[in-house]
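Visitor: Spelled out, the chains give:
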Amino acid sequence: MDTLISLAFLLIKILVITHVLLGAVAYTVWLERKLIGRMQNRWGPTRVGPFGLLQPIADGIKFIVKEDLLPPGVNKPLFLLAPLLAVALGLTSLAVIPFGESITIAGHTEALQISGITNPHGGGAIFDPNVGLLIILGVTSIGVYGIALAGWSSNSKYSLLGSLRASAQMISYELALGLSLVGVIIMSGSLSLREIVNAQSGNILHWNFIGGWQFVAFFIYLISAFAETNRIPFDLPEAETELVAGYHTEYSAMKFAMFFMAEYANMFTAACVATLLFLGGWHSPFEGISWIPSLPLPALLAAFVPVFWFALKIFFFIFFYIWVRGTLPRFRYDQLMAFGWKFLLPLAIANIIVTSVLVAMNLAPLGSK
Amino acid sequence: MAHLSNTASAEFTQDRTMILNMGPQHPSTHGVLRLLLEIDGERVVRMVPDIGFLHTGIEKTCEAKFYQQVVTLTDRIDYLCPMTNNLCYVLAVEKLLQLEIPERAVFIRVMLNELTRIASHLVWLGTHALDMGAMSVFLYCFREREDILRIFEMVSGQRMMTSYFRIGGLSLEPPLDFYGKVRDFVKLFPERIDEYENLLTSNRIWVDRTKGVARLSAEDCISLGVTGPALRASGVDWDLRRDMPYCGYDKFQFKVPVSNDGDVYARYLLRIQELRESISMVKQALDGLPDGPIKAEAPKVVLPDREKMKTQMEALIYHFKIVTEGFSVPAGEVYQAIESPRGEMGYYVVSDGTPKPYRVHMRSPSYANLQALEKMCVGRLLADVVAAIGSIDIVLGEIDR
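Read top to bottom, the protein sequences are chains A and B.
Going by my numbering, the first sequence opens with residue 253, and the numbers climb by one from there.
Going by my numbering, the second sequence opens with residue -4, and the numbers climb by one from there.
Source of the hints: derived by calculation from the structure; they are not laboratory data.
Small disclaimer: the values here were computed from a predicted structure and weren't measured.
A few of these clues could be false.
What the hints assert, rightly or not - These stretches of chain B come out as covered by chain A in the derived footprint (C-beta under 8 Å, 3 or more residues): (1) 118 to 130; (2) 194 to 202; (3) 363 to 371.
Think of the CB as a built atom: it goes at the ideal place given N, C-alpha and C, for glycine as much as any other residue.
With the hints as constraints, model all of the structure from the sequences given.
Guide: Now the structure itself:
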């Protein structure tokens, strides 16, 4: 019976989280168009619904009803597999991301994380995969297969160039990105995302990017995340002015939409990881500061306050992504490679050394307890 | 043999290369330029530009029109700087007719011409930045271009195909609030240039993308016939407005920016400086605008005023004759070159004494500048091709004619 209830809760969690994410993806596109529009002296979508709020739905319908073209000469199985792979892997990392502590509904305590479970022997302790971070890194690494296969199977030179660029770029930046996280792991001594967040519990000064002296790592992560998600200034795989549309040149309708969703899902994953690892996850920036009164909230609502902080931090990242897109030009391929290998990677290694020395000398970080 | 077959084709010459067909439908070939690139990975080994997708036969069409009707065709050559083309043609025919143009018309011509230069440079800057991924600059540039197009609409009733200049002067007196609108723009524009520069000039990515890219030496420029900002960016101090003054440009004070770097960044900085010079010339034209007529005293060539046409018999006859039969131009040939935003724009007009030109040839700067593209791009990366195309600021309508 207990198992059944747990299973039911798990299913609900999966459904809710996936749909919230997909909804967020759709509305991030809307937000991006609106914000970029305002930055560029335009309106952005205004026609469908108030403030163009129904635009994502209209876009979705358009993607579904459009003709699904299969260009001649493509490798059919791989051509179909590529977008599926991209979107599936984009969503998979959600499984290990914790959005908050836990909530208690009808006497049942449930972790706000798909793969998180409460201690079956009671006590309310929550467990999550102890290699959560590795899972995310692994899954995002496989994500490049979607792009590489799309380019290869499309039978188009532009697609091929785009996917070659993407593969090289993602592999290069994965290194810097992975190494930038090592400092955090040294600081918190765990690969479990929940424990990493718990190690930063407290106000803003306890968070890794300040309290853990990981601001350099945070900077490296931020830049690498742009490269990993193919956003300007690192959007070379789909640089439209050079490669038409890069790896998805030959894709149309829902298959194209899947790449699109995958890109935004990856943005969310990157934002989630940054929030969890560097910005104290769901902890409020004012947590534990005695002179700030806490709001009297009903219990159920109070359980969602951490989720609110988590969402706010993610919003900050998404906004930052969009802001940068409105500002910067694009790198050139060789410059991007040189930047990754000659600048970010050594910097990330230096960061690991400095962090290790700090930890070895037992120099207590600001946030340590 | 590429030029003999209907469509240019290229075979790859090495084992490790591939042919990439860029254009004619490509986001950054600025119209319908087709480039056949032989690439080794991302490096360009060979480049064959293929033009002619926008061939309109305008030069031939000119031979079937009266002299005054040709003005409307010249707009369509280089659709980003219509006034410049109008001016060049009109000056050429006026040279044949040996017409004296009133001072006021000359000043308004210079003013509008410099505004055209600004509008054209704005399109260049916007699309060039867009090619490099800086999307916002594009929209900022088009915001200011819109102001200029509104000014054009005020004087000519058209935003782009203005046809405002006439052989012998201007078509109409500009409306009264025109000068105020231009003055507003002159006041506003310098800080807008600062705005573009804030986003680009010292932006590390922009500098990395453009500095040292697509270099052209002064010798290459001269041997390939490159003119305009691309020539001046390579260190050749040559501007027709100063060195072979036409249309009263000798009455204006302006600097000709020159740079020695010869790369994309130098061309960018140079055009930005030209924007500032142009806006100062617009201001000078506004301040020094003399009173007087806007049409030359030549009843056989210039249409009479509406008022006169309805009250005076001779004027009515002249009007009727000019509109139905055109006016004949003394036999002879003339070449008039002016400094268009892209370089030396030249009109070669041959007259056989009839009301229709025997031959109108346009020496378009984009055509000559495009020749330099191969020199700029071979051995460089694919992304540099896009930067190079942007930096020579080609307009395909002008190339294909």
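Visitor: The structure should be examined with respect to each hint, and the outcome stated for every one.
Guide: Results of checking the hints against the structure:
Counting residues of the stretch 118 to 130 of chain B whose CB lies closer than 8 Å to any CB of chain A gives 7, which reaches the minimum of 3, so the coverage claim holds. With 5 residues having a Cβ less than 8 Å from any Cβ of chain A, the stretch 194 to 202 of chain B passes the three-residue criterion, so the hint holds. Counting residues of the stretch 363 to 371 of chain B whose CB lies closer than 8 Å to any CB of chain A gives 0, so the stated coverage by that chain is violated, three being the minimum.
Of the numbered hints given earlier, the model fails hint 3 alone.
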